[in-house]
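Engineer: Single-letter residue listing:
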Amino acid sequence: MDLHFGDSKPTDEERAAVDALLGPPESSWEGADRSDADLRWARGGREARDRRDLLLPGLHAINDRIGWISDGALDYLCRRLTVPPAEAYGVATFYAMFSVKPRPATVLQVCTDLACAAAGAPELCAGIEARLGLGSGVTVERSPCLGLCERAPAVLAVKAGDPVRTAVSAPATVERAVLAASAPDSAPEEPPAALAVPQAGQDGLMLLQRVGVVDPASLDDYRAHGGYTALRRAFELGPAGVIREVTDSGLVGRGGAAFPTGRKWQATASQPDRPHYLVCNADESEPGTFKDRVLMEGDPYALVEAMTIAAYATGAHRGYLYLRGEYPRALRRLEHAIAQARARGLLGDDVLGQGYAFDIEIRRGAGAYICGEETALFNSIEGYRGEPRSKPPFPVEKGLFGKPTVENNVETLVNVLPILTMGAPAYAAIGTQRSTGPKLFCVSGSVERPGVYELPFGATLGELLTLAGASEGLRAVLLGGAAGGFVRADELDIPLTFEGTREAGTTLGSGVVMAFDDSVPLPRLLLRIAEFFRDESCGQCVPCRVGTVRQEEALHRIVERAGADAAGDITLLREVGRAMRDASICGLGQTAWNAVESAIDRLGAYE
Amino acid sequence: MTVTPLGIPRRLLEFTLDGEPVRAPEGSTILDACRAAGKDVPTLCEGDTLRPKNACRVCVVEVEGARTLVPACSRKAEAGMEVRTDTERARHSRKIVLELLASSVDLSTTPKVAAWLKEYEAKPDRFGPDAARLNEEPKVDNDLYVRDYDKCILCYKCVDACGDQWQNTFAISVAGRGFDARIAVEHDAPLTDSACVYCGNCIEVCPTGALSFKSEFDMRAAGTWEESRQTETTTVCAYCGVGCNLTLHVQDNEIVKVTSPHDNPVTHGNLCIKGRFGYQHVQNRD
Chain Y
61 MDLHFGDSKP
71 TDEERAAVDA
81 LLGPPESSWE
91 GADRSDADLR
101 WARGGREARD
111 RRDLLLPGLH
121 AINDRIGWIS
131 DGALDYLCRR
141 LTVPPAEAYG
151 VATFYAMFSV
161 KPRPATVLQV
171 CTDLACAAAG
181 APELCAGIEA
191 RLGLGSGVTV
201 ERSPCLGLCE
211 RAPAVLAVKA
221 GDPVRTAVSA
231 PATVERAVLA
241 ASAPDSAPEE
251 PPAALAVPQA
261 GQDGLMLLQR
271 VGVVDPASLD
281 DYRAHGGYTA
291 LRRAFELGPA
301 GVIREVTDSG
311 LVGRGGAAFP
321 TGRKWQATAS
331 QPDRPHYLVC
341 NADESEPGTF
351 KDRVLMEGDP
361 YALVEAMTIA
371 AYATGAHRGY
381 LYLRGEYPRA
391 LRRLEHAIAQ
401 ARARGLLGDD
411 VLGQGYAFDI
421 EIRRGAGAYI
431 CGEETALFNS
441 IEGYRGEPRS
451 KPPFPVEKGL
461 FGKPTVENNV
471 ETLVNVLPIL
481 TMGAPAYAAI
491 GTQRSTGPKL
501 FCVSGSVERP
511 GVYELPFGAT
521 LGELLTLAGA
531 SEGLRAVLLG
541 GAAGGFVRAD
551 ELDIPLTFEG
561 TREAGTTLGS
571 GVVMAFDDSV
581 PLPRLLLRIA
591 EFFRDESCGQ
601 CVPCRVGTVR
611 QEEALHRIVE
621 RAGADAAGDI
631 TLLREVGRAM
641 RDASICGLGQ
651 TAWNAVESAI
661 DRLGAYE
Chain Z
17 MTVTPLGIPR
27 RLLEFTLDGE
37 PVRAPEGSTI
47 LDACRAAGKD
57 VPTLCEGDTL
67 RPKNACRVCV
77 VEVEGARTLV
87 PACSRKAEAG
97 MEVRTDTERA
107 RHSRKIVLEL
117 LASSVDLSTT
127 PKVAAWLKEY
137 EAKPDRFGPD
147 AARLNEEPKV
157 DNDLYVRDYD
167 KCILCYKCVD
177 ACGDQWQNTF
187 AISVAGRGFD
197 ARIAVEHDAP
207 LTDSACVYCG
217 NCIEVCPTGA
227 LSFKSEFDMR
237 AAGTWEESRQ
247 TETTTVCAYC
257 GVGCNLTLHV
267 QDNEIVKVTS
277 PHDNPVTHGN
287 LCIKGRFGYQ
297 HVQNRD
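So the protein lines, in turn, are chains Y and Z. Positions 61 to 667 (the working numbering) are the ones given, in order, by the first sequence. Positions 17 to 302 (the working numbering) are the ones given, in order, by the second sequence.
A couple of the hints might just be wrong.
[Claimed, not checked] List time: in silico BS3-like cross-link candidates among lysine-lysine, alpha-carbon distance up to 25 Å: (1) Y:Lys458 <-> Z:Lys92; (2) Z:Lys290 <-> Z:Lys155; (3) Y:Lys451 <-> Z:Lys111; (4) Z:Lys92 <-> Y:Lys451.
[What the hints assert, rightly or not] What follows is a set of in silico ranges between Cβ atoms, one per label pair, in the way DEER data are often shown: (5) Y:Arg109 <-> Z:Gln296: 50 to 58 Å; (6) Y:Thr71 <-> Z:Asp204: 16 to 24 Å; (7) Z:Ile24 <-> Y:Ala399: 45 to 53 Å; (8) Z:Asp146 <-> Y:Ala489: 56 to 64 Å; (9) Y:Lys451 <-> Z:Arg26: 22 to 30 Å; (10) Y:Lys451 <-> Z:Val282: 43 to 51 Å; (11) Z:Leu150 <-> Y:Glu667: 33 to 41 Å; (12) Y:Glu667 <-> Z:Glu80: 31 to 39 Å; (13) Y:Glu189 <-> Z:Glu152: 23 to 31 Å; (14) Y:Gly623 <-> Z:Glu152: 35 to 43 Å; (15) Y:Glu250 <-> Z:Leu150: 38 to 46 Å; (16) Z:Lys139 <-> Y:Glu667: 22 to 30 Å.
[What the hints assert, rightly or not] So these bits of chain Y aren't anywhere near chain Z, every CB distance computed over 10 Å: (17) Pro145; (18) Pro164; (19) Gly180; (20) Ala186; (21) Gly187; (22) Val224; (23) Ala243; (24) His285; (25) His396; (26) Arg445; (27) Phe454; (28) Lys463; (29) Met482; (30) Thr526; (31) Arg594; (32) Val606.
Calculated directly from the structure, the hints in this document are not laboratory data. Remember, predicted model here, so these are calculated numbers, not experimental data. Positions of the beta carbon are idealized from the N, C-alpha and C atoms, including for glycine.
Just chain Y, same shape as in the assembly (with noise of 0.2 Å):
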């Protein structure tokens, strides 16, 4: 490889963040000054490309630092990873967060996703920019959802420097955003994890038990509400014995695609191929969920744990953490609760003293949906662009670095601590034959106790909206969020069980529950689905990348009209949604047209 770079150079600035994640450089190969070895003698070569996992990173403390990437700052991380700059700057330019623009130091993202543009997000997005005119130093941007849907409307503000300062602010007023924006140190802080879960410290919660009950920040108090048993039994069982407590527990995947876990681990287990690595996907972007966020923020240690025990039995020694960049705070405990595990030997080269070594990276995501799909996430780690591979091959055979791979939601990977600890008989019993087990699910729009919920499978979607308080006038219920589908008001006893939705023609994905009552206007909420999906296309594969932006077109068009104006529209509509769901490359092509099929099927949006 022959690398060429420009005259472009670094600030000291920006020489310092690259600086302290790599160390200082050594040779002029990689940005220093000359020294006579380096007239001999040639660096980088392979040493340095095995470091390209370092890019997003890199990208990462340079955007924190200076608040964007300057061609200098690119060319330098480029130098001294060996990654030529054509890439850095077609990865650079692939997420949401990052800039290659100069733009102020503060960034404030204003979420205008479904819950938020409900509550009030265009009022409040307009207050916020009369307020913080040009000149104000403030970057208002419209951001995707938050991931803090419970709280609605959301913001989150970045404020770039050494070291990058954040604050959230939920629910929101002009002020308080303004706020968080010029001063993110002295904004208020957030409440806690528990107040998003109505039923925090209730008897009989197994996934949510801990949350709002322990300390976050407090390894002794994890293990005194029952932490670490479970990874103890998991030392007692073997990697096999865990393996076999899971296929038998009936868990399926709790990310969206329901994918039966314990085949999932024996996969990857069984491949001669080696490392094997454990990826957990905590890139929750998907409109209106925020559970994982909850679970992380609230008991960090149960995903520390639940990820020990998942690599144990698939023979994985390296953990990547998978983090989406908008939850600063669930960056902070996790990275507090990694750092305690290991020094208390519950991480590191011999966990609980059982001569098994795991260790766990944290990746920050810098604002891409794609990225929560399992082989974008690869790409995304590995410091290429978030583009989903095709497959197969599958990432148990091929996946991280072309490595065998297990990768896991944050949910699904919780549930294996009671599995462990109840055994998967008790386990099964719970829900229904087919879905078993307890389910989180996302609560949001238009009821009086947002938040997250655990439920046995196989309550009834009346029932749910009952314990969270949905208002009168109820509309309509986004299932699944917007990769999802709409039901109506008259069906809410569809069983939230994966084969009782699917039974009504809908699906359960990642359990979102949103709600909207008759004083929300359907067709600006099916724009802004439609929107979401055009912007979060990677644009690889053509029915997604155009198909995207014509069913956008076709919603604008529409979105005063109804009966036979629409109908031409709808029918291209439906034709261009059914290509993209057949001949997308992945998921998010292929479920892009759902929601918005569903409100005019079901909702007979445009009649």
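Using the hints, position chain Z against chain Y.
Structural biologist: Only chain Z this time, still in chain Y's reference frame:
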């Protein structure tokens, strides 16, 4: 004469193609099998010298048991597979994909597309006159070749040819995301400020004419480009001893562009700047 490497012998797999039993060597793609069986499956991003990227999705076919359609260009044939290439479902997706492409980019210099649009009854106009497209002026920033993003379908072939599959220069990549994604050099700079070494291998693989020789671009603009009047002569490059094959495209006794045969076992259609662009001395008759 071209020497074709034989490789190791491969087993034959049996599967069904449109109801007919077919046999294909292990490792072949569905597209290979279709071509061997004389079936025409349209493709745009598939390249004979590159690994399939399966980004364009015009080659999708129906495989029994698969939830979605599968790209014929990259899916390996498996024993017992039941593949149908011409179902209503596959034809629908191809039609829509062709409409989506033709409504967003200029396919006027893409071979075969006009026939496919007709065959699949694609109507790119139905998205209305306001349908988003690029509408960008061609980028002419050097004397060797022109980038016309209006014609780019983002097939990634130029990226792959410039990167680890052939040239190892890594001068181009995809930047941005979604509909705004573009092929770009670092910092979206002019080509002359980039890592480009002007081998022109990206032009060789470009399926739409988004990348073209400056000579061709100028002649098209002047209305003098006439492929029917051109002759093609394959010869050996005289610059060095490697022996790359050059195909000289000649119109009115002038070399108008240089390509290279893809079945050459050494170069597979790749050249360097001299072989590709260094032909002016041949026609310097003073």
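Engineer: Hints numbered earlier in the text: which of these fail when held up against the supplied structure?
Structural biologist: Result: hints 5, 10, 17, 26, 31, 32 break, sorted rising.
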